[in-house]
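Protein sequence lines correspond, in order, to chains A, B and C. Per the numbering used here, the first sequence starts with residue 3, numbered consecutively. Per the numbering used here, the second sequence starts with residue 870, numbered consecutively. Per the numbering used here, the third sequence starts with residue 4, numbered consecutively.
Hints in this document: simulated from the structure, not taken from any laboratory. Watch out, some of these pointers could steer you wrong.
[As the list claims (entries may be wrong)] Computed, partial: chain A to chain B, Cβ under 7 Å:
| no. | residue |
| --- | --- |
| 1 | A42 |
| 2 | K43 |
| 3 | M60 |
| 4 | L65 |
| 5 | M86 |
| 6 | V151 |
[What the hints assert, rightly or not] Below, simulated EDC-like cross-link-like pairs (lysine to aspartate or glutamate); rule was C-alpha separation at most 16 Å, straight line:
| no. | chain 1 | residue 1 | chain 2 | residue 2 |
| --- | --- | --- | --- | --- |
| 7 | A | K196 | A | E110 |
| 8 | B | K923 | C | E270 |
| 9 | B | K1012 | C | E249 |
| 10 | B | K923 | C | D269 |
C-beta atoms are modelled at their ideal positions from N, C-alpha and C, and glycine is treated no differently.
Residues per chain, in single letters:
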Amino acid sequence: MSEVTWGTVIALALWFIGVSSGAYRLSALASRKKEDPGWAKVGLTSAFLALITLAAGMGFLVLDLRQKFRFWYLLLNLNPESPMSIGVWFLSIFGILCLCHLIFWMPEPWRKRLPLIGGWSIWNNWRIHGYVAKFGMYVAIVVAVYTGVLLAATSIPLWRNFFLPPLIFFSALACGLTCGTLATMSLTRKIGDKTLFLPLRFLQSSLRPTLVIMLALTGGFLILALVQSVTGVKTHLISLGWMGFLWWGGAIGVGMIWPLINSFRAEKSFQARAQLTCWITFIGGLVLRWVLLYAGQI
Amino acid sequence: MSREKKERLIVFYADRCIQCHSCEVACQLENNTPAGIRLRRVRNFEKGRFPEVKKFYISSACFHCNSPACASACAVGALVKRSDGTVNHLQHRCIGCGYCIQACPFKVPQFNPAQNIMRKCSFCTQRIDRGRLPACVAKCTTKALVYHPEGKIPIELQDYGEIENLHMIYKLVHKAEEYGLPVPVPLNTTTENQLWMWLAGLLPAIGMTFVLIRMAQKIEGDKGDE
Amino acid sequence: MGKKKSLSSEEEKRKVRGISRRRFLKIGAISAGSLASLPLMNSETSHALDASIESRIDREVNSCCPFCQGRCTTIVQIRNDRVVNVYGNSDNKWTDGAMCPKGQSLVELTYSPRRLLHPLIRDGKSWKRIPYGEALNLLAQKIQKIKENYPKDYAHRLALFTPLWDCHEAELTAHMTLYMAGFPDLCPPGDVCIGNLATTLRLCLGEMTSPTTINELEKAEYILLVGANIAVTYPIYVQWIRKAREKGAKVIYLDFRTTPTSGQTDEQVILRPGTDGALFLGMIAVLVRERLFDQRFVKQHVNGFKEVASACKEYTPERTSEITGVPAEKVVSLARMLARNRGTIIWIGGAISRYTNAMQTVRAIIAFAAATGHLAGPGKGIIPFQGGKPPASKDFEKRFKVPGLDERLHVRKVIYNMEQGDVDVLILSSSYRRYPDANRVKEAIQKVGFVVYRGFFMDEEAEMAHLIIPSTMAFESAGSMYGAQRQVVWRNKAIEPLGETIPDWKFYTDLGRKLLGEKYPTVNGPEDIYELHRSLTPSWKGLTLERLKKSPTGISWPCPAEDHPGTLGSLYPDNQFATPDKKVNLLPKGLGPVQWTEPKGSPSGDVNIRKDFSLIFTQGKVAEQWHQTLTNWSAYMGQFGGGNLVWIHPKTAAEHGVANGEWIYIETQVGKIKARVHLTEGILPGVVWTPSSLYPQSPFTGNRGMSTNAITPNYWDKVAAQFNGFGCRLKKV
């Protein structure tokens, strides 16, 4: 088991897809509150973000193929037994939904510039946007869980863990929420901007349980792995080698505990540090996936 | 109990193997894989102390499972189970995603950098369909590898690879663990695990989504209070 | 059209996969939901696998592996005039279709991008291509010049280091050409290798070849492998050992290492390298003391047993045990076991011949077999490692000697002549590193005025040459070959030679024509030479070309008539040996007294050596490598090698402070080589072993390493050299 089949590219792909699904969910939540300027900003930015990160994620998936120009073979076949096949199909649907969702979010003048479809009146239909957002939310859930099941339904002992799919899902959620908010904040350029008050408050209150659950799932993951005495857990994750350092310090310390502490701060001071919190949660998600990938294969 | 289905089998007699590497090179020449990519591989083990030393060998390739995890995992239908029990790989379909490598409990599939796709033992289908022996069996110098086209082998030969599950049967001398074989014989991890993995992921995910929706609504309410 | 069919086979496929699959399908249907209605473009159960070679073969040619004397007949698969694969011929009785990796490497080697395909001439430090005709002219001129410069004593100024010929015709034409031109010095590989054993067999039993064949193993009750690591040297014959064991034979293996052969035997007796002779003398002493020997056989068929018996007296079980390291009780029980049975076959390994006490050892083995009465007959006899050259070849060669031609010089004398500058032309057709103290031989070759290299790759030998005329590989020429079971097989030509490579028979006949003009017989192909040789050889009379071409197993000589099936089994069925008085001669002239001496340079025999070089150095083969010059150029063979690995017992390693995987120097009296430590429990403490097949120019790391003979001291028995058993020490790098 010395050869690493899936490396950094796959870690990036899984991470981007997770971010995309989380950002989509944030944007879908925002679509219910279009009237609030802060939510509106968040909604538009994260809809954009969802599409871009999804494209990046799928791009990395294709990049990892040894036969890159055969990627479309994936769409010629449906194997209901293969998480990858199911996942690819859901990703494709999710991609279309992401695009539609973004167009729904677009301000009128931008939309008008789109060729062909830009003129359709359907984009102004508030109710259809609601349905798309709602349906997309479920597809986004499947897509995020898929990135976990893809690893868990293999024979790699470290990945064959019931806590892995939910862990990856919650990590994707945290990454998506933080990434969407972060992008909005960066675009508004004013950290103290009051318009983002509501979304930031939502971020604080939603991040807290998400991170707590993530920590619990991580604990469960480790305990289950240890109980099953999976090779590699002790040598790579529990020990304090460089892999253990990345795991405890990067994925758990920086990616979960630090933002969790931040989220317990008073509302105002949380908002002052929101950008930092977002960054560390976001990066922590990548480190988590990277370490899990490598620790399973090395 | 012997197999009633007309399925192909290869039996490996561990006591006969001398690690002459013939089967490995035979496999490489037949499958046109470059040096270093061995679809059949002989590994050696040493046990005991001088002068009571035992050296033993195992020649292993794809087990051609009855319920192949690789075929379950393959998203493009490049891995197929034939009715004669062999698991074939359609090279023109393979996209080289590597998922079968992760799925296989025996770590059988390998990337071939010369072709940029995955390769695995195909039971030499192209030869057995013409009534010839698989390459490794044909060239085995000691008859450690024996081919049974009808799938009928005497009961005393059954050893590793519960006969109903695999198509490479190992008649071992030492314990299976000492040859680095997984015990018990693994099942199809992809299909066995997948449902529960999906449930483990989806249930909390849907739950959390409802919580988030509630939360978003509540925060709005708070603002209204202000 | 085929859609329906493929769907039903798809269903069948699913059924096979069983319950877990069905259960999953339900779930799949739920989870896939609406996607299920998407077009299912699933695969057909394909029969045609794209990269398979089998479906694209144009023709198959019966051929034969050119390497060891197992002589696996093969079927060469050809596509577009290119060899794509080679399989063992399943009709071959000796191999049953098996084939070891060495023969398979030829598919790669023939088309190696590194192979030399055109004659090259040295041009300063680089090489220049010249046409074959020109190269031949140049060589002929050089040879003529010797005759002009030394009109009286030119005979020893040309030498040929012969290879293990890739066919018998090559060997015959080389002799024919050089003998007719008046040059006797063809130095065969046997001079350093099997010569000790072959000569002793000839002196004691009368024939240089194997006294019996391996099909007799099944009839034996005991099989004694004397250092014969068959699993590595003749992997295809292991199945005969298994068959014998299945019929109840007990196999005892004498070796100081745990090898793949150990697992195929019933019992291994571990003894110190180079002491086999003492063990056999000790066992003879037991037989004499307990009067267990076959008195009738000894009286009727053996000369000199009384002398042997009295010489053995000093080898009491205790003293034998002291020498060999085998417990005294074991010596006694082994002797009793091997004496009281239906039949014992003794299989002598090649390494036995590569000690300075080799001829004593082989004589002791023959004497032991004679004492037990298991020297000839069904299920009895001795199998040496090589079948050896048919005696008749000598007659053939003599026929072409110019009148008054000297006997050939031994290779030691030829090397000495080179050092003195008395050799003007050397045809180097093999590795010089097969000689002990190889660096000295290298220096000697550098003093030769004109060196022609007949090889395949730009190796160390090529770099010393002035002219390179590359050879064909096995698939590119036809010819007959003789094997270890005295069988003769025919190899067909499978493909045309690549580039300007020239088969040996053509090279030597062309050279003969150039040197001798019309006097040289017309040869149109190897078939002509084969027929010429057959017509001169009584024991090969029946081996017509047509018969050979039809026989995948080969026919074993003696075969005096065309309807004779060939002779298997014992060469001396009625205990009529081939010596002048038809008796086994245990005291032939030149073999010296019956005794056992320490191998020269051994640390246990020489206090001075023990002081500095306390470990015993040994070397040997690995299954995937053929000597030093050829298979090392194969990437397929290189993937198994570990470079210079030296086997050391952990106890020895601890005493010398070296660890597993560490780079060390192995030092002997004549030099040192760098090697990596491989700790194993499977070797006698105090002994180190290293593979001898490595090669410094190999492009593949697994095959690359220092040549072991660079540190082999220049010790010789009466015929051939010693390669094992001398002292060495380990030094950290």
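The hints, checked one at a time:
1. Given the 7 Å rule on beta carbons, the hint for A42 (chain A) is violated: about 13 Å separates it from the nearest Cβ of chain B.
2. Interface hint at K43 (chain A): violated, since its Cβ lies 15 Å from the closest Cβ of chain B, which is beyond the 7 Å cut-off.
3. For M60 (chain A), the suggested interface contact is broken, since its CB lies about 13 Å from the closest CB of chain B, more than 7 Å.
4. Of the supplied interface hints, the one on L65 (chain A) is violated, with its beta-carbon coming no nearer than about 11 Å to a beta-carbon of chain B, more than 7 Å.
5. Annotation: M86 (chain A) was flagged as interfacial toward chain B, and the flag holds, the nearest CB pair being 4 Å apart, inside 7 Å.
6. Against a cut-off of 7 Å between C-beta atoms, the interface hint on V151 (chain A) holds, since the closest Cβ of chain B lies about 5 Å away.
7. Distance restraint check for K196 (chain A) and E110 (chain A): the Cα-Cα separation of roughly 25 Å exceeds the 16 Å cut-off, and the hinted pair is therefore not satisfied.
8. The hinted pair formed by K923 (chain B) and E270 (chain C) meets the criterion: a straight-line CA distance of about 12 Å does not exceed 16 Å.
9. Only pairs whose Cα atoms come within 16 Å are accepted, and K1012 (chain B) paired with E249 (chain C) is accepted, the gap being roughly 14 Å.
10. Our distance criterion of 16 Å between C-alpha atoms is met by K923 (chain B) and D269 (chain C), whose separation comes to about 12 Å.
Comparing the model with each earlier hint shows violations of hints 1, 2, 3, 4, 7; every other hint is respected.
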